[in-house]
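Colleague: Take the given structure of chain A and dock chain B to it, following the hints.
Those protein sequence lines, which keep their order, are chains A and B. Using full-length UniProt numbering, you'd call the opening residue of the first sequence number 1 and step up by one each time. Using full-length UniProt numbering, you'd call the opening residue of the second sequence number 1 and step up by one each time.
Bear in mind the hints are in silico, worked out from the structure with no lab data behind them. Mixed in with the good hints, there may be bad ones.
Since the list gives no way to pick out one identical chain from another, each pair is judged satisfied if it fits inside one copy or across any two copies.
Claimed, not checked - Below, in silico cross-link-like pairs of lysine to aspartate or glutamate (DMTMM-like), each with a Cα-Cα straight-line distance of 25 Å or less:
no.: 1; residue 1: Lys56; residue 2: Asp66
no.: 2; residue 1: Lys56; residue 2: Glu7
no.: 3; residue 1: Lys56; residue 2: Asp193
no.: 4; residue 1: Lys56; residue 2: Asp19
no.: 5; residue 1: Lys56; residue 2: Glu98
no.: 6; residue 1: Lys56; residue 2: Asp76
no.: 7; residue 1: Lys56; residue 2: Asp168
no.: 8; residue 1: Lys56; residue 2: Asp167
no.: 9; residue 1: Lys56; residue 2: Asp132
no.: 10; residue 1: Lys56; residue 2: Glu81
no.: 11; residue 1: Lys56; residue 2: Glu134
no.: 12; residue 1: Lys56; residue 2: Glu41
no.: 13; residue 1: Lys56; residue 2: Asp117
no.: 14; residue 1: Lys56; residue 2: Glu16
no.: 15; residue 1: Lys56; residue 2: Asp95
no.: 16; residue 1: Lys56; residue 2: Asp171
no.: 17; residue 1: Lys56; residue 2: Glu11
no.: 18; residue 1: Lys56; residue 2: Asp195
no.: 19; residue 1: Lys56; residue 2: Asp28
no.: 20; residue 1: Lys56; residue 2: Asp36
Protein chains: 2
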Amino acid sequence: MSPRVSEEYREARRTEILDAARARFARDGFHQTSMDDVIREAGLSAGAVYGYFPSKTALVHAVVDDALARVLRAFDAASAEITQTAGDPGAEPLDGAEVAGAVVDRVMQLLSGAGIDTSRIALFAWAETMSDEELRVQVAARLVELRGRLRGLVTAAPWNPSAPVPDDAADDAALALLAAPIGTIVQRHVVGDADGAALARGLAALARSWAPRP
Amino acid sequence: MSPRVSEEYREARRTEILDAARARFARDGFHQTSMDDVIREAGLSAGAVYGYFPSKTALVHAVVDDALARVLRAFDAASAEITQTAGDPGAEPLDGAEVAGAVVDRVMQLLSGAGIDTSRIALFAWAETMSDEELRVQVAARLVELRGRLRGLVTAAPWNPSAPVPDDAADDAALALLAAPIGTIVQRHVVGDADGAALARGLAALARSWAPRP
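The following block holds chain A by itself, in its conformation from the complex (with noise of 0.2 Å):
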């Protein structure tokens, strides 16, 4: 083999296990998932799992750094394409509100996907960053991304160019965006019926009770 293909190869292995480890995490968690049910899961050798992952620390850590990262990509994708949209020429200002929740949906419904819903590994994974100092600092590192990107989109608020949150009010207003989601997810595995859709409709009812009488 070339380099280049056996690095192919190693990348498309790498990726089947990850997604083995994943829909196994999802289901069960990562306390009553052992390294023999991912194993089984990828329909691989021990010998080849442990070649990429040498402990199930390594797969946890792995498993939920490609989930933050996918939700980044999502969540890149979901914004570039809404700026492009309110800077059309003769486009409609959008409700900063209805913007926000039409991001998070999109990024939601991508973690939702087909079969088991993947967002079940965050409520696994920030109970894990309370023992697992590695892994926090990993998550902490991924949610300050995030934040960041939220603090670009409502400092420059595309959709609507006179109301930006000024630069001084911007990294709560980035927190107070991410919890959001965040408390979605966790609504939705509990109490089983909460959605990016509905999130997106609550925030915009709120923002129109909240808006300053004239």
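Modeller: This is chain B only, laid out in the frame that chain A set:
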């Protein structure tokens, strides 16, 4: 002992055990805490502790339910106070986002209290509901109660009767509003820098940005 004294005694003992369990669970999570740890922390005999809680699962359920009951009581106290203030003759109309943020901030302050922040238990509890259906149903019922309170608050909007959330959007608004503190608790423990005050400022900034242009 008269039956009354005996009942008070039992209640005090039960509270002692719950306090000890809450402290250990908040620090180490449910899985890393044994009944022996709780017994040592409470300074009681094993027989005494098992007399109140026959298993760790029973203790986990009781601690989680007690924590959620405290949140509901704190919410009721904070919202009653704000409703009363807003009803004073000549009171200025309050900003809805600031009211929501203030209530959440008050509840979160109560949870963090002295010593270990008991809101850490929330992260363990959400993960646990994924494999403990009885706990999930119990936590879901409390979250639905909380949503009901938030629904009442935003539809009555006592701080500004001219801007209630309409009935048909109230369920979604309550979901979005409950998502905010949940998502802030996660960020508080994972990133380490989020609190109710920052959330309150962030919600107010978003509301100003999202207000319909005149």
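Colleague: All hints are to be evaluated individually against the structure, with a verdict given for each.
Modeller: Tested hints:
1. Lys56 x Asp66: For Lys56 and Asp66, the Cα distance is within 25 Å only inside one copy (15 Å; across copies 34 Å).
2. Lys56 x Glu7: Close inside one copy (23 Å), not across copies (49 Å); limit 25 Å.
3. Lys56 x Asp193: Close neither inside one copy (32 Å) nor across copies (29 Å); limit 25 Å.
4. Lys56 x Asp19: Within one copy only: 14 Å inside, 34 Å across.
5. Lys56 x Glu98: neither (40 Å within a copy, 45 Å between copies)
6. Lys56 x Asp76: Neither, since 30 Å and 44 Å both go past 25 Å.
7. Lys56 x Asp168: neither (42 Å within a copy, 47 Å between copies)
8. Lys56 x Asp167: Classified as neither: same-chain Cα gap 42 Å, cross-chain 48 Å, threshold 25 Å.
9. Lys56 x Asp132: Both, since 13 Å and 23 Å are each at most 25 Å.
10. Lys56 x Glu81: Intra 37 Å, inter 50 Å, cutoff 25 Å: neither.
11. Lys56 x Glu134: within (14 Å within a copy, 28 Å between copies)
12. Lys56 x Glu41: Intra 14 Å, inter 32 Å, cutoff 25 Å: intra-copy only.
13. Lys56 x Asp117: within (21 Å within a copy, 29 Å between copies)
14. Lys56 x Glu16: within (16 Å within a copy, 38 Å between copies)
15. Lys56 x Asp95: Answer is neither; intra-copy 45 Å and inter-copy 49 Å both fail.
16. Lys56 x Asp171: Answer is neither; intra-copy 35 Å and inter-copy 41 Å both fail.
17. Lys56 x Glu11: Answer is within; shortest intra-copy Cα gap is 19 Å, inter-copy 43 Å.
18. Lys56 x Asp195: neither (31 Å within a copy, 33 Å between copies)
19. Lys56 x Asp28: both (14 Å within a copy, 20 Å between copies)
20. Lys56 x Asp36: Answer is within: at 10 Å inside a copy they meet the 25 Å cutoff, but 28 Å across does not.
In the structure shown, a violation is registered for the earlier hints numbered 3, 5, 6, 7, 8, 10, 15, 16 and 18, in ascending order.
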